[in-house]
Amino acid sequence: EPEVTQTPSHQVTQMGQEVILRCVPISNHLYFYWYRQILGQKVEFLVSFYNNEISEKSEIFDDQFSVERPDGSNFTLKIRSTKLEDSAMYFCASSEQGQGSDTQYFGPGTRLTVL
Amino acid sequence: AQSVTQLDSHVSVSEGTPVLLRCNYSSSYSPSLFWYVQHPNKGLQLLLKYTSAATLVKGINGFEAEFKKSETSFHLTKPSAHMSDAAEYFCVVSDRRGTYKYIFGTGTRLKVLA
Numbered sequence: 021e022p023e024v025t026q027t028p029s030h031q032v033t034q035m036g037q038e039v040i041l042r043c044v045p046i047s048n049h050l051y052f053y054w055y056r057q058i059l060g061q062k063v064e065f066l067v068s069f070y071n072n073e074i075s076e077k078s079e080i081f082d083d084q085f086s087v088e089r090p091d092g093s094n095f096t097l098k099i100r101s102t103k104l105e106d107s108a109m110y111f112c113a114s115s116e117q118g119q120g121s122d123t124q125y126f127g128p129g130t131r132l133t134v135l
Numbered sequence: 004a005q006s007v008t009q010l011d012s013h014v015s016v017s018e019g020t021p022v023l024l025r026c027n028y029s030s031s032y033s034p035s036l037f038w039y040v041q042h043p044n045k046g047l048q049l050l051l052k053y054t055s056a057a058t059l060v061k062g063i064n065g066f067e068a069e070f071k072k073s074e075t076s077f078h079l080t081k082p083s084a085h086m087s088d089a090a091e092y093f094c095v096v097s098d099r100r101g102t103y104k105y106i107f108g109t110g111t112r113l114k115v116l117a
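Going line by line, the protein sequences match chains A and B. With our numbering, letter number 24 in the first sequence gets 44, and the count goes up by one each step, no holes. With our numbering, letter number 69 in the second sequence gets 72, and the count goes up by one each step, no holes.
All the pointers check out, no bait thrown in.
The calculated lysine-lysine pairs, modelled on BS3-like cross-linking and capped at a C-alpha distance of 25 Å, are:
| no. | chain 1 | residue 1 | chain 2 | residue 2 |
| --- | --- | --- | --- | --- |
| 1 | A | LYS98 | A | LYS77 |
| 2 | B | LYS45 | A | LYS62 |
| 3 | B | LYS45 | A | LYS98 |
| 4 | B | LYS114 | A | LYS62 |
DEER-style ranges, computed between Cβ atoms:
| no. | chain 1 | residue 1 | chain 2 | residue 2 | range |
| --- | --- | --- | --- | --- | --- |
| 5 | B | HIS85 | A | GLU116 | 27 to 33 Å |
| 6 | A | GLU79 | B | SER29 | 17 to 23 Å |
| 7 | B | LEU10 | A | ASP83 | 34 to 40 Å |
| 8 | A | GLU21 | B | SER87 | 17 to 23 Å |
Rough simulated footprint, nothing fancy, chain B against chain A, three-plus residues with beta-carbon under 8 Å:
| no. | region |
| --- | --- |
| 9 | 47-60 |
| 10 | 125-134 |
Simulated from the structure, these hints should not be mistaken for laboratory data. This one's a predicted model, so the numbers in the text were calculated from it and none came from an experiment. Every residue gets a Cβ at the ideal spot worked out from N, C-alpha and C, and that includes glycine.
Build the full structure now, drawing on both the sequences and the hints.
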């Protein structure tokens, strides 16, 4: 069964460094999402992406964050200058049609630790 | 605004006894509701979803949920818990404003006792 993959599974970085989290969505899906889960808190929406542009973003997704689909398969989340509070599990998701009833399929997540 | 509330942060049951994980939603529209499960160090796996068809929804691994509009509830049940059901469970509503992003509940951690 097709699945969403994410790399790396763990990323440790120093505060102020740039990180890129990578995701390979399911191949025929058109809508892509990033969510994050700070330890002990709920999963929060960051951004949705369709047709090579951001469709919606949350207030969390400030100028330090960017997303890109550099080729036909990868979907990346970049954090330009990491802060301690960016430490979280980051989940990538994709869906086929972006409708309300559509299922979003999640990757296993990347645990980001900022020191 | 749409939201979900999971009433219990932790639930403990004995193996072989029924499971009930509670979720209430708030929505101005007819909602799409989902239950996801997260096992330790794993991603989020869809258990089941409600999208305005049958109000009783059957999912994987023997789980089911009933959509009750009058009670604004979407509780998850299973007749008989198995040790492998120990995990975190998330109730989710799809936000019909914008791009149908998911709005998550705070999660319920299910513990299954031998």
